[in-house]
Amino acid sequence: NAGVTQTPKFRILKIGQSMTLQCTQDMNHNYMYWYRQDPGMGLKLIYYSVGAGITDKGEVPNGYNVSRSTTEDFPLRLELAAPSQTSVYFCASSLGPPGANVLTFGAGSRLTVL
Amino acid sequence: GNSVTQMEGPVTLSEEAFLTINCTYTATGYPSLFWYVQYPGEGLQLLLKATKADDKGSNKGFEATYRKETTSFHLEKGSVQVSDSAVYFCAPGEGSYIPTFGRGTSLIVHP
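Those protein sequences? They're chains A and B, same order as listed. Take the first sequence: its letters are residues 504 to 617, numbered as in our numbering. Take the second sequence: its letters are residues 1288 to 1398, numbered as in our numbering.
In isolation and in its complexed conformation, chain A is listed as follows (with noise of 0.2 Å):
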């Protein structure tokens, strides 16, 4: 049982490229959450879904973009990259509402804007 695995766990972008961070999950998990971690800081939310198909922004949503066409996969796509992208990015999931249920966290993707 893998859990929740993200790719790549390192990458360095210029400014202007585009990436998807991948994020995948086998525990048929329905919902799914992007954070990041800026250096010494907490987690800040970027997006979530509550199952295949439904999407919603977190708190900082802005420049990236997600979908959930299964339940499995849940990619963020960084699109025109800034230096204030750089950050550590952090997939997670939980097999019902956050409330009561468990978050399981990937290992992270570090990611660093030149």
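Since the hints were derived computationally from the structure, they do not count as laboratory data. One should not assume that every hint holds.
Each pair of labels, with its calculated beta carbon distance range [unchecked claim]: (1) A:Ile557 with B:Thr1313: 24 to 32 Å; (2) A:Met544 with B:Thr1311: 16 to 24 Å; (3) B:Gly1389 with A:Ile518: 46 to 54 Å; (4) A:Pro600 with B:His1397: 38 to 46 Å; (5) B:Val1369 with A:Thr510: 48 to 56 Å; (6) B:Ser1290 with A:Ile557: 20 to 28 Å.
Covered stretches of chain A (in silico footprint by chain B; criterion: 3 or more residues with CB under 8 Å from a CB of chain B, positions within the stretch not fixed) [said to hold, decoys possible]: (7) 542 to 549; (8) 591 to 605; (9) 608 to 616.
All residues carry an ideal CB built from backbone N, CA and C; glycine is no exception.
Using the hints provided, position chain B relative to the given structure of chain A.
Quick look at chain B alone, frame taken from chain A:
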């Protein structure tokens, strides 16, 4: 919405010392309460949880008791180890509310 107050630290202790990390929360209803831990270079993972008043969550020698009357969920461990060095996050959970994680409390344990 829900929120927590916990000290940011760093909390610096010697090995085998007693640990307390305070957490008080605000919630509109009757939340579940969680402690997550983030080891260096890793994602967050659940440490323990409690779902109703007076419940005690425990794991890896850590304990926390759900105190509804004081809206608190303080984390304790009787004897910390160097391997406990990490950042600890307290998070109330309620319905469809998605937890936000502040800076957490950084714990550094010296040999």
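Results for each hint:
no. : hint                                : in the structure
1   : A:Ile557 with B:Thr1313: 24 to 32 Å : holds, 29 Å
2   : A:Met544 with B:Thr1311: 16 to 24 Å : holds, 21 Å
3   : B:Gly1389 with A:Ile518: 46 to 54 Å : violated, 30 Å
4   : A:Pro600 with B:His1397: 38 to 46 Å : holds, 40 Å
5   : B:Val1369 with A:Thr510: 48 to 56 Å : violated, 31 Å
6   : B:Ser1290 with A:Ile557: 20 to 28 Å : holds, 26 Å
7   : 542 to 549                          : holds (count 6)
8   : 591 to 605                          : holds (count 8)
9   : 608 to 616                          : holds (count 4)
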